[in-house]
Amino acid sequence: MRPMTRWAMTGALLTTAVAGPLSMPAHSAPAAAPASLYAPSALVMTTGHGEKAATTAPERAVTVNCAYATSGTHPDPRQACADLERANGDLDRLATLRGNDAGQLCTREYRPIVVTVQGVWRGTRINYEHTFANPCIKETQGAAAFAF
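First residue of the sequence shown? That's 1 in my numbering, and the numbers climb one at a time after it.
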């Protein structure tokens, strides 16, 4: 091979090796999921007859998702999310939000019912438990979020 041809071949191979990958489309990493405009707000609520959640078997459990669109297995997820918004996520306040505005009278029997709420509210982890004296008090004093 002539020296000039050898230099030409070496130059062509070098150019291809360096510029070749630059001329091809780059494979990008998979795009990350877009960040949500809303902090997550998804809760699981349970209820059961007993004084403490640790010793009570849940009799009913519902879910509430209050992020962008309300959803869940709660009988009225929109009202539950509205109650949570009104209480600003303060579940102690939620337990007495309604008071007894309906004027319904409850017996003074002691048949405790415990409500638990676990999950995330506006990006903050929640683990809450409240015991009502009986189901009537839970329905009349507790917010609609607890009516399930």
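It is worth saying that the hints were derived from the structure and are not from the lab.
Think of the CB as a built atom: it goes at the ideal place given N, C-alpha and C, for glycine as much as any other residue.
There could be a bad hint or two in this list.
Estimated spans, in silico, between C-beta atoms of each pair [as the list claims (entries may be wrong)]:
id, residue 1, residue 2, range
1, Ala69, Leu105, 20 to 26 Å
2, His49, Thr73, 16 to 22 Å
3, Thr131, Thr63, 28 to 34 Å
4, Asp92, Ala67, 32 to 38 Å
5, Tyr68, Gln104, 23 to 29 Å
6, Ala69, Pro135, 28 to 34 Å
Verification of the hints:
1. Checked against the given bound of 20 to 26 Å, the beta carbons of Ala69 and Leu105, roughly 38 Å apart, lie outside it.
2. At roughly 20 Å, the beta-carbon separation of His49 and Thr73 lies within the given 16 to 22 Å, and the hint holds.
3. Range check, Thr131 to Thr63: Cβ separation about 22 Å, and the 28 to 34 Å hint is violated.
4. Between Asp92 and Ala67 the Cβ separation comes to about 23 Å, which falls outside the hinted range of 32 to 38 Å.
5. Taking 23 to 29 Å as the suggested C-beta distance range, the pair Tyr68 and Gln104 does not conform, at roughly 35 Å.
6. In this structure the supplied range 28 to 34 Å holds for Ala69 paired with Pro135, their Cβ-Cβ distance being about 31 Å.
In summary, the structure is inconsistent with hints 1, 3, 4 and 5 from the numbered list given earlier, while agreeing with the others.
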